[in-house]
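**Student:** Please arrange chain B on chain A, whose structure you already have, making use of the hints.
Number of protein chains: 2
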Amino acid sequence: MARSLGRVCLGFHRLGALSSAPPPPSLLTSSRSVRTIFAPAILGLPSFFSKPRDFSLPNSSWGSEMMRLYKHYNSQCEVEMEGGEKQEGPWQRLPSYNRFLKYATGGVYLSKIIQSKARLFTRNNRDTGATFEYVLFFNSEEQKCVAIFQAGHLLEGPPGHVHGGAIATMIDTVVGAHANIVSGPVVTANLNINYRRPIPLGSTLVIESSLIKKEGKKVFITCKVTSSDGSKLHTDTTALFVSINISHLLLGS
Amino acid sequence: MARSLGRVCLGFHRLGALSSAPPPPSLLTSSRSVRTIFAPAILGLPSFFSKPRDFSLPNSSWGSEMMRLYKHYNSQCEVEMEGGEKQEGPWQRLPSYNRFLKYATGGVYLSKIIQSKARLFTRNNRDTGATFEYVLFFNSEEQKCVAIFQAGHLLEGPPGHVHGGAIATMIDTVVGAHANIVSGPVVTANLNINYRRPIPLGSTLVIESSLIKKEGKKVFITCKVTSSDGSKLHTDTTALFVSINISHLLLGS
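Top to bottom, those sequences are chains A and B.
The UniProt record's numbering puts the first residue of the first sequence at 1, with every later residue one more than the last.
The UniProt record's numbering puts the first residue of the second sequence at 1, with every later residue one more than the last.
The shape of chain A in the complex, shown without the other chains:
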């Protein structure tokens, strides 16, 4: 049982539960890259298992502004030293998948999840560009998370503009990922969102979360959504997350 749950938790971190959270700090601070850490072989999977699609990588729907910002942060994930050797840079790209544990093996709870049709809310649409296109980067020195987000045409709320709930979804995703890095598995306890300016469909936005403090099981984070050039503030948010024992969720307690 313990072994199964251990694997469940590994998979959980890998796929970013609780608002698409990224891997835990123990993995992020490894000397290996995020991509290497989550290779199927390390999860003990048969080699014939195909690699899951990483939704945080560029696709044909990404516009020029999305690509410009992606390249800006991605180029800082690895830096070349004088001797030509490559080292980790200040930023790390966080991979993103659409379901839990599909590619791992485990016990009865895992089996239930594998059979499930459940998909991560932000990655549930197969049409690239139609809903949430985004990629997250984390900077451990600055304790910041940045997401680049392109809002697709199926996210409409007010005519021609992004639904307030879709914006809240991206905020929860980014601050949830950030809280997960800081504190391991967490759940959202409070989101207080000020909507300052409507967002036209198709926009590319920057979502930046900053750690305020950690107190016991509580993690306090602020988050801003701005236009891609930073000139327009669309929303500002304070968020509270609380650490949980992930097995409680998996066991349905």
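All the given hints hold, so there is nothing to weed out.
The list treats identical chains as interchangeable, and a pair is accepted whether it falls inside one copy or across any two copies.
With a Cα cut of at most 30 Å, we get these calculated BS3-like pairs of lysine-lysine:
1) Lys117 with Lys71
2) Lys224 with Lys71
3) Lys224 with Lys213
4) Lys86 with Lys144
5) Lys224 with Lys214
6) Lys217 with Lys232
7) Lys232 with Lys117
8) Lys224 with Lys144
9) Lys224 with Lys117
10) Lys51 with Lys71
11) Lys51 with Lys144
In case anyone wonders, no lab produced these hints; they're calculated from the structure.
**Tutor:** For chain B alone, kept in the frame of chain A given last:
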């Protein structure tokens, strides 16, 4: 221009812009039923136009709890008098569509919207039961809005549970609809959501919003999400909406 915009606004109200808002009070207080008011003929459409799908009506994915609650409120939308005549009851079901203005006619702005692939965020999935299944009812005497919501398997956040953003989306949808009835076209200005208890995927929930006050352009509303029997509180929210001139959004200003 004025005529076109007038029609735009009619369509806007009809399809529930800004968080899937319902028709304005002027239509809701009509002696005709909501269904009759929004018949294509009244919108001046050719008879060969098919009626748009009303997503708030039952489908095969609705579980027994969803159907029980739907029947409970729907039975109070029309009451039979002593002589057998039917009259409006205390509740009104609010229809729900997946795009703006598809079935109306109008000017250049309307034409642009008709050509658009944009779809309402909460109604963008064709697979019934996969994402948001919900129906809204409004009680004008009590100034309350109630939604019955069944959370589909594509709304996952934490493993096996609903994403915090999907819950925020439903809250924004319900309080936005309520604010729209009270004050005409509005946008979300603030959502302050306390997440008290995770929601398992597949759950049927009751979302109830209550008007606190209206001050000038501001509308203050509270909202609770509970289990279908009311025994478990999942979230409580305070929300602020602000009236806008909808033509500003449509004209892209």
